[in-house]
Amino acid sequence: MYSGRSTTNPPMMRPRNSDARQVGKFFRDAREPLNHVVLDNQKEIFNSFSGEKKEKELAILKKVCKAYFAYYDDDKYIKDTHGYVMCCEIGGTCIQPFYMQ
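Position 29 (the sequence shown) corresponds to 29 in full-length UniProt numbering; numbering is contiguous.
Bear in mind the hints are in silico, worked out from the structure with no lab data behind them. A hint or two may mislead.
What the hints assert, rightly or not - DSBU-like cross-link-like pairs, simulated, lysine-lysine; straight-line CA separation at most 30 Å:
1. K63 / K25
2. K56 / K66
3. K79 / K62
4. K25 / K66
5. K43 / K76
6. K43 / K53
7. K25 / K54
Please work from the sequences and hints to get the whole structure.
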């Protein structure tokens, strides 16, 4: 009988770094319709961070937003999603969708 540590995911299936986990967490909710209450709560949380933590979170958010925009580049409804507005208002990364350029 195997007496090793049990995990829900085998070691090869776990994300190797925190950026991969952040992308997964962001993409899970990013396609949801814009919810201003949730967005306001996220802004408050972000603004409560100290300077160093805020810079770190902003850097992660910008990486995640870059991946999000690349993946949904041709989606004409992207501006109505929670992910787009979060990237734009919190991350300061606003883009024009490809079809509008």
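Hint check:
This hinted pair checks out: K63 and K25 have alpha carbons roughly 13 Å apart, not beyond 30 Å. Using a Cα cut-off of 30 Å, the hinted pair K56 and K66 holds, with the two alpha carbons roughly 16 Å apart. Between K79 and K62 the CA atoms are separated by roughly 17 Å; this keeps the pair inside 30 Å, and the hint holds. Note on K25 and K66: the hinted pairing holds, with a Cα-Cα distance of about 15 Å set against a maximum of 30 Å.
A threshold of 30 Å between alpha carbons decides the hint, and for K43 with K76 the separation of about 25 Å falls inside it, so the pair holds. For the suggested pair K43 and K53, the alpha carbons sit about 14 Å apart, so the restraint of at most 30 Å is met. Distance hint between K25 and K54 is fulfilled; the C-alpha atoms sit about 18 Å from each other, no more than 30 Å.
In the structure shown, no violation is registered for any of the earlier numbered hints.
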